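S.K.: Using the sequences provided together with the hints, build the complete structure.
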Amino acid sequence: MVAKGKAPKRDAAISQLRRGVIEFCVLALLADEERYGFELVQKLAGEDALVTTEGTLYPLLGRLRREGTVETTWRESPAGPPRRYYRLTPAGRKSLAAFVDEWSRFRGSVDAILKIGDPQ
Amino acid sequence: MSTSTLHPVATAYLQQVRREGRDLPGDRLAELLIDLEEHLSAAIPADASEADAREVLGRLGDPREIIEAERPELIVPAERRGPREWAAIFLLLFGFIAVGVGWVVGVVLLWGSRAWTTRDKLIGTLVLPGGLLPTGLLLLLALGRAHKEICTRYGTSVAHCTHGSSSGPSTLGSIALILLALTPIVTAAYLARRAR
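So the sequences go chain by chain: A and B. The working numbering numbers the first residue of the first sequence as 848 and each following residue consecutively. The working numbering numbers the first residue of the second sequence as 1423 and each following residue consecutively.
If you're looking for bench data, these hints aren't it; they were derived computationally from the structure. None of these values were measured; they are calculated from a predicted model. Fair warning: there could be bad hints in the mix.
Just some of the chain B residues that point at chain A, by a computed CB distance under 8 angstroms [to be verified]:
1. Glu-1453
2. Leu-1454
3. Asp-1457
4. Glu-1459
5. Ile-1488
6. Ala-1491
7. Thr-1605
One-sided excerpt, in silico: chain A residues whose CB lies under 7 angstroms from chain B [what the hints assert, rightly or not]:
8. Gly-884
9. Phe-885
10. Glu-901
11. Gly-902
12. Tyr-905
13. Pro-906
14. Gly-909
15. Gly-927
16. Pro-928
17. Arg-930
18. Ser-951
Backbone N, C-alpha and C fix where the C-beta goes; we use that ideal spot for every residue, glycine too.
M.R.: What follows is the structure, encoded as structure tokens:
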């Protein structure tokens, strides 16, 4: 576990940051093609700064389904149970576009500030 | 849900998720289990070694953590009424006695607590700021007036007193005073009731 002191607070802040952006990473992965849940999770988990536990992505996918930014269809799989395939809805596409815009502004501002306070 | 093709370790894992999530609404838990089963059947071949299966489960994470991730948008459990909340209520009422800063401390405690909604906090702060302080001051003033007597002493014994023009608090004044005292008390009772 995390050390005592300020570390838990910092970790919580980082995990909040992660949680805030990851849903848009899901939407971005679906921008050009349909994918099924396991595939999405593998892609996201491949970037190790993004995902700590793969399992927590499924509650996120459930929320996106309920919010209507993604829709799903069931397809038979070559082995095992049928798979749920995800694709973007028009609302999801809009939400992604807004995020891409906002993210580049955000990243630019944060980088500029970090440069001012660069410890090196 | 068919778990027949699943690795036994994966089946046990899903059981654990079901146990941890037993207080989730039924459809939410069912959806989550469907997703996790799909993941497990894709990630763990039925003839995988136990070590391989456990590695997949390790990456998937602790069932409790997954259930926690499913939970936050459901209910944010508010804090229960504890000593801090009682202290806030007490200080809002009587805090003025403590060099005038007690009430301020009460307000800070009130806003720091998660037992009240923002509306409750506004009511607690704005419905008669100072708690019983205005009542206390007016009471002193009224008593002062009632006993405002002009006394002239003759030597050491007899005092000749004439009453001042004011003959004590009027009925209207008394009602106002009572209302002034009741308002913060009612507010405090409201806060005590609203804090869960």
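S.K.: With reference to the structure, classify each hint as holding or not holding.
M.R.: Going down the list of hints, with the structure as the test:
1. Annotation: Glu-1453(B) was flagged as interfacial toward chain A, and the flag holds, the nearest CB pair being 5 angstroms apart, inside 8 angstroms.
2. Checking Leu-1454(B) against chain A by beta carbon gives a least distance of about 6 angstroms; that is within 8 angstroms, so the hint holds.
3. Contact between Asp-1457(B) and chain A, as hinted, is supported at the beta carbon level, the nearest pair being about 4 angstroms apart and thus within 8 angstroms.
4. At about 6 angstroms, the closest approach between the beta carbon of Glu-1459(B) and any beta carbon in chain A falls short of 8 angstroms, and the interface hint on this residue holds.
5. At its closest, the beta carbon of Ile-1488(B) sits 4 angstroms from a beta carbon of chain A; the interface hint therefore holds under the 8 angstroms criterion.
6. A cut of 8 angstroms between beta carbons decides the hint on Ala-1491(B): the least distance to chain A is about 4 angstroms, and the hint holds.
7. A least Cβ separation of about 40 angstroms between Thr-1605(B) and chain A goes past the 8 angstroms threshold, and the interface hint is therefore violated.
8. Because the beta carbon of Gly-884(A) sits about 6 angstroms from the nearest beta carbon in chain B, less than 7 angstroms, this interface hint is met.
9. At a threshold of 7 angstroms, the smallest CB-CB gap from Phe-885(A) to chain B is about 4 angstroms, leaving the interface hint in force.
10. A hinted interface residue such as Glu-901(A) counts as satisfied when its beta carbon comes closer than 7 angstroms to some beta carbon of chain B; here the least separation is about 5 angstroms, so the hint holds.
11. Taking 7 angstroms as the C-beta contact cut-off toward chain B, the hint placing Gly-902(A) at the interface holds, the least distance being around 4 angstroms.
12. Here the hint on Tyr-905(A) is kept, as its CB sits about 4 angstroms from the closest CB of chain B, short of 7 angstroms.
13. Evaluation of the Pro-906(A) hint against chain B yields a held restraint, the C-beta minimum of about 4 angstroms falling below 7 angstroms.
14. Hint on Gly-909(A) holds. Least Cβ distance to chain B is approximately 5 angstroms, under the 7 angstroms limit.
15. With its C-beta approaching chain B no nearer than about 4 angstroms, Gly-927(A) sits inside the 7 angstroms limit, and its interface hint holds.
16. Because the smallest distance between the Cβ of Pro-928(A) and any Cβ of chain B comes to about 6 angstroms, under 7 angstroms, the interface hint for this residue holds.
17. Restraint check, Arg-930(A) versus chain B: the minimum CB separation of about 6 angstroms is within 7 angstroms; hint holds.
18. Taking 7 angstroms as the C-beta contact cut-off toward chain B, the hint placing Ser-951(A) at the interface is violated, the least distance being around 28 angstroms.
Hints 7 and 18, counting from the list given before, are not met by this structure.
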